[in-house]
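**Q** Just so we're aligned, residue 1 is where the sequence shown starts under the working numbering, counting upward by one.
I should point out that these hints are in silico values taken from the structure, not numbers from a laboratory. For every residue, glycine included, the Cβ atom is placed at its ideal position computed from N, Cα and C. Careful: at least some of the hints might be erroneous.
[What the hints assert, rightly or not] Restraint ranges, calculated between C-beta atoms of paired labels, are given here:
#1 Asp236 to Glu127: 40 to 50 Å
#2 Ser140 to Glu67: 21 to 31 Å
#3 Met222 to Glu127: 33 to 43 Å
#4 Asp71 to Gln192: 17 to 27 Å
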Amino acid sequence: MKEEKKPYYHRKKKKQKKVTGRSILSNLILLVAIGVFCFSGFQLFKIWKGYNTGKKEYAKVRELAVETKKDEKGEETFSVNFEELKKINPDTVAWIRFDPEPSVINYPVVQGSDNEKYLSKTFSENENTVGAIFLDANASADFSDRHTLIYGHWMRDGSMFRHLEDYREQSFWEANPYFYLYTPDGKKLTYQIYSVGEVKDTSDSYLTQFATDEAFQKFLTMTKDVAQYDTGIAVDTSSRIVTLSTCTSAGDENRFVVRGVRVKEE
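The task is simple: from the sequences and hints, build the whole structure.
**A** In structure tokens, the structure reads:
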């Protein structure tokens, strides 16, 4: 037997949800949260893309310009084709390399007309946050100055000068006390690291002009006094110093520096 259908007026009416100020606010918060999430995701993608593009570019530059082979004694030799590098970028002044570690620091060095250009341009002059490794704009390109500055970014993916901070540990310095600069005139300059540490970007660590030997000696003494640990390496007014400088995660004004004294020229 079929159930008798209730008249329309006996049916229960569905309750309509009231649109309150609280629900509107909740929806707005949700929309804002979704927007922030999407924006953050997009920014992370841009950062990742920049890292990836930069790595590929520098790998290609190494493949084009660097040759590593064994000599007759079975020892590894390293050479740089500066002619090819200068075709890509006439601002090329050197190649920097650490051996054995941190081997990731293996890059061409450029010098712009100011210290801003290569903060956001790669060696191939493409816009990218990884930038380039660059010599101070006021420095002599042949590294003949008493004190020369080279800058590079601290990148979260480990590229550029990120691994300078490995030298916070004395044991790492003991295993890897040298870095090398190769120049277009065929020279290989060997630097022994004598001082490392964190400094402010306005500190005397960035002085490059010294009117007297006394002023230079004062600078050298300071670089040893503020070092994170004592390396025991001697420096004097005849020394030629190169400071490698990068940012840190400690703050915008903080820098981590690795200072080397030239001990050999080949």
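**Q** Indicate, hint by hint, whether the structure satisfies it.
**A** Now the hints, each set against the structure:
| no. | hint | verdict |
| --- | --- | --- |
| 1 | Asp236 to Glu127: 40 to 50 Å | holds, 43 Å |
| 2 | Ser140 to Glu67: 21 to 31 Å | holds, 27 Å |
| 3 | Met222 to Glu127: 33 to 43 Å | holds, 37 Å |
| 4 | Asp71 to Gln192: 17 to 27 Å | holds, 23 Å |
No hint from the list above goes unmet by this structure.
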